[in-house]
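Just so you know, the sequences run in chain order A and B. Numbering-wise, the first sequence is residues 0 to 826 according to numbering that gives the first Met the number 0. Numbering-wise, the second sequence is residues 0 to 115 according to numbering that gives the first Met the number 0.
Take these hints with a grain of salt, some might be off.
Here are the in silico distance ranges between beta carbons for each label pair [unchecked claim]:
no.: 1; chain 1: B; residue 1: Val29; chain 2: A; residue 2: Arg800; range: 31 to 41 Å
no.: 2; chain 1: B; residue 1: Val29; chain 2: A; residue 2: Lys397; range: 29 to 39 Å
no.: 3; chain 1: A; residue 1: Asp286; chain 2: B; residue 2: Val29; range: 48 to 58 Å
no.: 4; chain 1: A; residue 1: Ser303; chain 2: B; residue 2: Ser21; range: 49 to 59 Å
no.: 5; chain 1: A; residue 1: Asp403; chain 2: B; residue 2: Val29; range: 30 to 40 Å
no.: 6; chain 1: A; residue 1: Ala795; chain 2: B; residue 2: Val29; range: 46 to 56 Å
no.: 7; chain 1: B; residue 1: Ser21; chain 2: A; residue 2: Asp791; range: 34 to 44 Å
no.: 8; chain 1: B; residue 1: Ser21; chain 2: A; residue 2: Ile515; range: 31 to 41 Å
no.: 9; chain 1: B; residue 1: Ser21; chain 2: A; residue 2: Lys397; range: 19 to 29 Å
no.: 10; chain 1: B; residue 1: Ser21; chain 2: A; residue 2: Ser401; range: 48 to 58 Å
no.: 11; chain 1: B; residue 1: Ser21; chain 2: A; residue 2: Asn51; range: 48 to 58 Å
no.: 12; chain 1: B; residue 1: Ser21; chain 2: A; residue 2: Ala143; range: 32 to 42 Å
Quick caveat, the hints were computed from the structure, so don't treat them as lab data. As the structure is a computational prediction, the values presented were derived from the model and not from experiment. C-beta: ideal position from N, C-alpha, C; glycine also.
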Amino acid sequence: MRILPFLVSATVTAGLVFTLNIQLKLGGTKAPRLGYFLSPQHGFWKNAEKVNTNFDASILANDLKGDVDVYMDDRLVPHIYADNDEDAYYVQGYLHAKYRLWQMDFQTRVAAGRLSEIAGADKLSIDRFFRRLGMVYGAEQTEAYINEKNPVMKATVDAYTAGVNAYLKQLAPEDLPFEYKLMNFEPENWTPKKTYLFLMFMSYDLTGRSASADLQLTNTRDYLGYDLFDQLYTNQQDSLDPIIPKGTAYAEPSIVPVKPLESDMVYLKKTPQVDIAKVVETPEAPDPNNGSNNWAVGGTMTKSGRPILCSDPHLGLNLPSLWYEVQITTPTHSTYGASFPGSPAVIIGFNDSLAWGVTNAGRDVLDYYELKFKDTTQNEYWYNGAWKSVTKRVEVIKVKDSADVIENIAMSHYGPVMFDAYYQNPQSNGRNLAVKWTALNASTGVETFYQLNRAKNIDDYSKAIQLWKCPGQNFVVATKTGDIAIKQQGDFVARWDRQGDFIMPGGDSSYDWQGIIPFEENPMILNPARGFVSSANQKSTDASYPYYLGTASSFPLYRGISVNQQLAGRTQITAQDMQALQTNNYNVFAQQARPALMKFVELNKLSKEAQRMVGTMTQWNLYNDPSEKGITIFKLIWDSVENAVWGDELAGSLIPLTKPESFVLLEQMNRDSNFRVADDIRTKDKVESLKDQVRIGIEKATLKCIELEKENKLNWEAFKATRVLHLTKIPALSRLNLPIGGGVNIINATGENHGPSWRMVVHLTDEIEAYGLYPGGQSGNPGSPYYDSFVDYWAAGKYYRLLFLPKEKLKQHERTKWHLQFKKAVA
Amino acid sequence: MKFILSILLVGLVTYAIGIYGSLPWWSFVVTNLIIAIALPIKPLQSFIAGALGVGALWAGLAFGIDMANNHILSSKVAQILPLGGSYVALIIVTAFVGALLGGLASLTGSFVRKPE
């Protein structure tokens, strides 16, 4: 034996194994072990799916009560036929795991504040944010409640969980989803708590904006003073077209919330104050455009005489998609639609009697209360003239390659104390703030969908949604028998005017919530005279509704106007017409704002280039179509004018403040040409008029337009550059620069990375005629042709006909490709 | 003859042990070492046998998988790593890593016994 060469060679070999076996930091969460990652029998190559994969399978399962047949159609949509409900949810769990395991696991870890466990200390601020907001606490409340009080839901979620875990159990290490290999972590068993965590995350996504908005509004009010604040952040929307038509009469309220006597001084603080910010970390707030459209047209308006229901939820556009299509058929019901990987049942869809859809209500259900602690132990806080004790909730955050971080969260009677001496962000500004949030109460939200999946008529629909608490939604429904309805449902706080828009004093019970609005008093319409119902996140009612709805910034105005304009008075509508409406790019905001703006444009005072840009803008056809340049110019000019008008007022603050909503300037332009705020307060020697600010704004925007023109990016699709991003934001796993129009305020609400995440049109004929798709694919595997197979079709505004058939028909359908047999294992 | 046999044996055993996904990806390092001890050849030859055996296997497997996949995944991974999106480069890198490690393992083994 040649000792020395042997030792040298052995050392080099071992060193290389070691090097290839440690995580290689590629930026972000990408950190594969290179040797493992590249090994064709272990690493990513195993995830490269054959393009002609045969998905037929025979699966033995211990926990099934009977056999289950699943037929996969050519889009990889499973049609589950089971002898009983629990088996169906078991198989749904199994399929969610088979096609979306990493996403389910990853999203629930984020919701549980466990990202640092995978990604290290960099992500600690996100984890601390979710822990202190009470995400885990809320999921635990729901879990305990369902386990104790709701055996049917418990059995449903347990069956789903068992299905996920059955898949995990047979999953060979080399077949782990791609992202586990890229990020180097491993899946763990599913639990019912993870399902509730996922639903908590949806609550956060749809109502959590208040967690930052309330702080921003408070800081803005403190900075501007209440009177100027109330002018710029007004709740008055002249052009509002509410969900419930104007003029509808409302019953006397059963709760009359009493505004505390001294609240003008103590709460609204109608005297100017100035605060200095301590800037630290800031977590990502939910997208302000999280919203949706839904509508149903009654038989009087359609060609067939049957209702048509449409629903398109606007959320972040991600791969793998939030949605997974499925048909579930059991002896109790037959339902088709979009489901959430992570939760049983169908969330937005239809059954053989009716169809339903949801949009976000936008109502404020999260408030902050400012506490005064007795001392630094934070064990007692001042409440109604005495010291009140907190309990302490300990949460341990595991951090990869680092010591655990312990959060000692003080729990007040409001809820968790999110901000205190140990946790602050730029907006919280040194305060001790407790969170009161309806999502933290136990909830049986899963049951709403469980019942909607089985609903036969308006009564069933009503019973199902009565259980719904958070996040508040506008539930639209249309039945085969011809009923259409919409109701805004959730636990909504009976508020006095502006209650909860700002941080509230936590030491005085007169600021507490005074009640939850009873179900019967939540806004609803059934079969209205105008022939259709609709919602697009606008305020649900006009000012005659007896409860305060919340700050206007939560309620986008223009999509609702657009939908109602397009539907009003129409007849002979077909499902194809409704597809065209869901993908409609008409810009009703620009329709109003362009002439308002032009009133203040003095063309002869503009530069040549600016005149040219304004010319292109005025000739634009008001459609946000992909190739239009006018919309880009309009947007840049409008934003620039807004900056000129508001910028000076907001410029001096050290705390980040939010800009007033676009409707404020537009409605101001329409109301009053001598707008005081137009003056730039930084120029002492002159008073700017709105005309001056418009000119300044246009000239600035023109510079940007010329730049874009040179780069060939002035057309809307190039400027907007819509992308569907992988959850890790890795560009190679995403779809970038999609050729699609639309945008904010447009029915086709497709923004940069946000928009119609599931489009569905259901015509309630005897044999249901349904269309739909989402910008993703049924497989979550980036190595599968089904990973992004719907994206191009979606961008082009096309639809798939959804196959919704009984077993015997589906089995023989030409689009049915594969058969998965789940067989009960014989002991 | 032993050289050819070594290449084939390395390839075969590496493939066989790779089927067991719960064993570490570098298990072939151990089997190469054992093969090199059992079939002693000159160090340079041994290195080449180990490198060719593992490298050709990995290249072949990766190539076959990639063809059946229409380069869907490889072109994405080749952007992440980053290799300019070239699946050819990714297959080469894969084969190179396997070959280098396979060769070194066999080289190490070749120092244990003198070839007869």
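Going down the list of hints, with the structure as the test:
no.: 1; hint: B:Val29 - A:Arg800: 31 to 41 Å; result: 56 Å, violated
no.: 2; hint: B:Val29 - A:Lys397: 29 to 39 Å; result: 33 Å, holds
no.: 3; hint: A:Asp286 - B:Val29: 48 to 58 Å; result: 51 Å, holds
no.: 4; hint: A:Ser303 - B:Ser21: 49 to 59 Å; result: 58 Å, holds
no.: 5; hint: A:Asp403 - B:Val29: 30 to 40 Å; result: 36 Å, holds
no.: 6; hint: A:Ala795 - B:Val29: 46 to 56 Å; result: 54 Å, holds
no.: 7; hint: B:Ser21 - A:Asp791: 34 to 44 Å; result: 39 Å, holds
no.: 8; hint: B:Ser21 - A:Ile515: 31 to 41 Å; result: 53 Å, violated
no.: 9; hint: B:Ser21 - A:Lys397: 19 to 29 Å; result: 25 Å, holds
no.: 10; hint: B:Ser21 - A:Ser401: 48 to 58 Å; result: 28 Å, violated
no.: 11; hint: B:Ser21 - A:Asn51: 48 to 58 Å; result: 29 Å, violated
no.: 12; hint: B:Ser21 - A:Ala143: 32 to 42 Å; result: 37 Å, holds
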